[in-house]
Each structure stands twice: as C-alpha cells, then as structure tokens.
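At position 348 of the sequence shown the residue is numbered 348 (my numbering), and the sequence of numbers has no breaks.
Note that these hints are calculated values from the structure, not bench results.
Any given hint might turn out to be false.
In silico EDC-like cross-links for lysine to aspartate or glutamate, where the CA-CA straight-line distance does not exceed 20 angstroms [unchecked claim]:
| hint | residue 1 | residue 2 |
| --- | --- | --- |
| 1 | K63 | D93 |
| 2 | K78 | E132 |
| 3 | K136 | E81 |
| 4 | K42 | D145 |
| 5 | K165 | D204 |
| 6 | K144 | D93 |
| 7 | K275 | D208 |
| 8 | K227 | E159 |
| 9 | K42 | E76 |
| 10 | K63 | E112 |
| 11 | K144 | D233 |
| 12 | K78 | D26 |
| 13 | K216 | E159 |
| 14 | K227 | D208 |
| 15 | K229 | D208 |
| 16 | K225 | D197 |
| 17 | K44 | E76 |
| 18 | K144 | E99 |
| 19 | K275 | D252 |
| 20 | K78 | E159 |
| 21 | K144 | E132 |
| 22 | K144 | E112 |
| 23 | K165 | E129 |
| 24 | K136 | E99 |
| 25 | K78 | E129 |
| 26 | K176 | E129 |
| 27 | K136 | D197 |
| 28 | K338 | E369 |
| 29 | K225 | D204 |
| 30 | K176 | D233 |
| 31 | K44 | D26 |
| 32 | K136 | D109 |
| 33 | K44 | E112 |
| 34 | K344 | E369 |
Cβ-Cβ distance ranges computed for the label pairs, FRET-style [claimed, not checked]:
| hint | residue 1 | residue 2 | range |
| --- | --- | --- | --- |
| 35 | N361 | A391 | 12 to 22 angstroms |
| 36 | H96 | Q169 | 31 to 41 angstroms |
| 37 | V158 | S38 | 45 to 55 angstroms |
| 38 | G206 | L387 | 27 to 37 angstroms |
| 39 | L387 | V158 | 21 to 31 angstroms |
| 40 | N113 | K227 | 31 to 41 angstroms |
Keep in mind that this is a model prediction, so the values were computed, not measured.
We put the beta carbon where it would ideally sit given N, CA and C, even for glycine.
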Amino acid sequence: AHVYSARTNKEGLTPFHVAVDHGHFDAVLAFIESRTVSVNMKTKLRQGGQTPLHRAVLKSHLKIIELLINQGASIETKDSEGRQAIHYAAQADDPHVLEYVIRLGAHVDVTENCGRRAIHYAIYNNKEENVEILLKHGADINVKDDNSYMPLYSGVMVENVEIVKSLLQAGADPNKCNRVSRQDYALLMAVSLGNVDIVRVLLDAGADPNVTGANKATALHKCQKLKNKDGRDAILLMLIKSGAKLNVTDKDGYTPLHNCVMQSVLGNFSLSTMKILVQAGSSLCMEKRSSADQSRTPGSPNSPLCFLVWRGFLEAAEYLIQCGWDVSSESWMFLPGKTPEQSKFHQLMQELTISVRPLTNICRQSIREHLLQCSVGSEILTSIQSLPLPASIKNFLSFQD
Numbered sequence: 001a002h003v004y005s006a007r008t009n010k011e012g013l014t015p016f017h018v019a020v021d022h023g024h025f026d027a028v029l030a031f032i033e034s035r036t037v038s039v040n041m042k043t044k045l046r047q048g049g050q051t052p053l054h055r056a057v058l059k060s061h062l063k064i065i066e067l068l069i070n071q072g073a074s075i076e077t078k079d080s081e082g083r084q085a086i087h088y089a090a091q092a093d094d095p096h097v098l099e100y101v102i103r104l105g106a107h108v109d110v111t112e113n114c115g116r117r118a119i120h121y122a123i124y125n126n127k128e129e130n131v132e133i134l135l136k137h138g139a140d141i142n143v144k145d146d147n148s149y150m151p152l153y154s155g156v157m158v159e160n161v162e163i164v165k166s167l168l169q170a171g172a173d174p175n176k177c178n179r180v181s182r183q184d185y186a187l188l189m190a191v192s193l194g195n196v197d198i199v200r201v202l203l204d205a206g207a208d209p210n211v212t213g214a215n216k217a218t219a220l221h222k223c224q225k226l227k228n229k230d231g232r233d234a235i236l237l238m239l240i241k242s243g244a245k246l247n248v249t250d251k252d253g254y255t256p257l258h259n260c261v262m263q264s265v266l267g268n269f270s271l272s273t274m275k276i277l278v279q280a281g282s283s284l285c286m287e288k289r290s291s292a293d294q295s296r297t298p299g300s301p302n303s304p305l306c307f308l309v310w311r312g313f314l315e316a317a318e319y320l321i322q323c324g325w326d327v328s329s330e331s332w333m334f335l336p337g338k339t340p341e342q343s344k345f346h347q348l349m350q351e352l353t354i355s356v357r358p359l360t361n362i363c364r365q366s367i368r369e370h371l372l373q374c375s376v377g378s379e380i381l382t383s384i385q386s387l388p389l390p391a392s393i394k395n396f397l398s399f400q401d
C-alpha cells in the first residue's frame with residue numbers, strides 16, 4: 001500500500017479512490033490504517049479534484065462515508081468545480097446519504113463555481129426524494145444559478161412532473177421570470193417542450209397563461225409549433241380554459257391563429273387545432289386586432305386565409321370563410337391560382353364579395369364580437385353556453401352546428 005497508494009490509473013484515480021468507488025470497505029480501512037494516504041487526498045484537477053468522500057457520497061457507500069468522516073474527512077472540501085459533499089449527496093441514489101451529510105452540518109444552500117446549489121443537482125439528476133429532503137431542510141426555492149435558472153424552471157427543463165409539484169407545493173412562484181433578458185418563464189418552457197402534465201400542474205398552481213417571451217410570443221403562440229397534434233390540442237385547450245388571450249400579437253404582429261396557419265408551410269398544420277382557436281374566439285377580422293403593428297392587413301400575404309389557400313389547404317380555408325372570415329380585403333383572390341382547384345376557390349371568393357351575407361351569419365358575428373369584447377380577449381365559449389338559448393342556437397354561435 002505504501003509503494004502504490006499515490007499512483008493513479010488512466011482515469012486519474014488512486015488505488016484508495018478506486019477502493020472507495022467500488023465500496024470495498026476492508027480495502028479502504030486497510031489504506032487508512034497503513035497511514036500512507038490522506039482521507040482528504042484529491043484526484044488530479046483534470047479528473048475533478050475529488051476527495052474519497054466525494055466519491056463515496058456519489059456512489060452511496062454509507063459505511064465508507066461514516067468511516068471517512070470518523071477519520072477526519074471534511075464535508076466542506078471542494079472539488080475543482082467548487083462542489084462540496086452536499087452537491088454529490090444531492091445526486092446520490094440513496095436519500096439516506098443526503099440526510100446523513102445534512103446531519104453532519106452541510107449547508108443545503110452552499111454554491112459551487114457556477115452558482116448551483118444542491119437542489120439544482122438533485123433536480124438535474126431527477127432525484128425526487130432528494131429534492132423533498134432539501135426542501136424539508138429549507139433549501140431556497142427561488143434562487144438562481146449563474147444561468148439564471150431557478151429550481152422550478154430546472155424541474156420543467158428535465159420534464160419531471162413530481163419535482164415540479166414538490167417545488168410548487170413548497171411555495172415556488174410559477175410566475176417568476178428566470179432570465180429577464182430572454183423572458184424565460186416556466187410555463188413557456190413547459191409549452192415549448194409539449195409536456196401536457198407539467199403545463200396542467202403549472203396552470204393549476206396559478207401560472208399566468210399570458211406571459212410573453214423575448215419576442216412577445218405567448219404560450220398560445222408557442223404551442224402552435226408542437227409536432228404532436230394530440231399534445232398540442234390538449235395544451236391549447238388548457239391555455240384557453242385558463243384565460244389565454246386569443247388575439248394578442250407577437251413582435252411581428254402575428255396572432256396565435258397566424259402561427260397555427262403558418263404551420264402549413266412546415267407540414268405541421270392541423271385543422272382541429274385551427275378549429276379550437278376559431279371556435280374559442282380568434283378574430284376573423286384581422287384589421288380589428290389589438291396590436292401596435294397595424295401594417296399587416298388581411299389583404300397582405302400574411303393573411304391566414306391566404307396562407308391556407310396558397311398552400312392548398314382549401315378545406316381549412318373554406319372553414320374560415322364559413323365562420324365569417326372577411327374576404328373583401330383579400331386582393332390576391334383576383335390573381336390566378338397555382339392549381340385549377342385554387343383558381344376555382346378564388347372565383348368562389350370573388351362571388352362572395354358581391355353576394356348578400358345571410359342575416360343569421362351577420363347576427364352570429366356581431367354576438368361573438370360583443371362577447372369577445374366582454375371577455376377582454378379570452379375565450380367566449382363559456383359565455384355562449386351560459387346564454388338562455390336553445391342548444392341548437394348555442395351550437396350555431398359556437399361554430400359547432
């Protein structure tokens with residue numbers, strides 16, 4: 001032991017570290033009794049500068065941890081990245097290791113070189129029980145690391161719904177902004193990931209469905225880009241039910257309906273998604289939308305109807321028109337279509353501009369616009385269902401007839 005105790009293998013570990021790594025208690029004890037090793041000796045810096053205690057804690061070798069502590073190992077010794085035993089314990093498979101290290105006096109909120117605390121390590125390694133232990137011992141739930149990530153945001157990023165629940169129950173604020181410069185919110189991240197369960201948990205905890213990201217995009221804007229149609233529609237319905245504004249615009253002047261329709265260019269368009277937006281109250285008269293940018297009119301190539309027709313989604317385009325889309329400003333309808341079907345559709349639109357609209361449709365549009373104004377831009381289906389009217393009329397007003 002005296003001759004070889006300081007030599008390292010190709011991974012930079014001494015025989016002492018290897019014995020600790022593999023949980024060989026007798027070998028570890030023999031090294032200590034030989035007095036040829038220090039219980040606080042570190043691996044080389046390029047191997048992390050770890051002590052035997054760091055390795056024992058990470059591998060959950062509780063008996064060896066106790067032995068090293070009894071022989072003078074320090075729980076406060078840092079590795080090359082500033083991590084202490086508490087950071088390793090937070091990653092350990094055995095929660096008893098974390099409890100033991102805390103009982104020894106380890107501070108749960110001590111930071112390493114990147115500003116991460118033990119709770120960050122527990123979250124990134126999906127250790128639900130360790131998160132619970134740290135919360136029980138007073139870990140700060142709204143602290144940011146050097147990336148400005150708070151524990152809740154980190155829990156969303158690793159898509160661990162149980163950790164997210166624990167953090168919210170402990171008082172984590174779902175509406176705290178992470179990086180102010182990028183307007184990172186937990187809900188926006190959950191929606192971007194398409195995690196239905198976490199979106200539901202955050203909304204139930206009071207997450208604001210109308211927070212905006214750096215480009216002024218809301219959760220409704222972001223969910224249009226999800227590839228999984230069922231997940232997209234489920235999240236869309238939850239956001240709408242929670243009061244998401246249907247006609248808010250991003251920095252480019254696009255509404256969620258715009259984003260939905262533009263997915264036709266990416267092969268990610270779904271008529272069911274568009275119907276959810278339209279039925280809930282998306283504006284069919286784009287010039288009346290509330291936006292600082294009024295330069296995008298329905299007659300521009302950015303019109304949702306134009307997108308659908310040019311991409312060949314004529315069924316969806318017809319649905320918009322049936323629901324009352326104003327075609328009078330769609331000047332492109334006087335151009336020839338790219339296909340005979342499109343040309344025929346253009347002709348149909350031209351005929352609509354000179355025909356008299358049914359009074360029932362005009363009344364429906366007026367009622368829906370009034371309800372949308374009363375709801376301050378949120379969904380109107382609930383208001384329609386509360387009206388003292390026959391079910392058939394409610395269905396007509398809801399575009400569900």
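_Please list, smallest to largest, the hint numbers that this structure does not respect._
Failing hints, ascending: 2, 3, 4, 6, 7, 10, 11, 12, 13, 14, 15, 18, 19, 20, 25, 26, 27, 28, 29, 30, 31, 34, 36, 37, 39.
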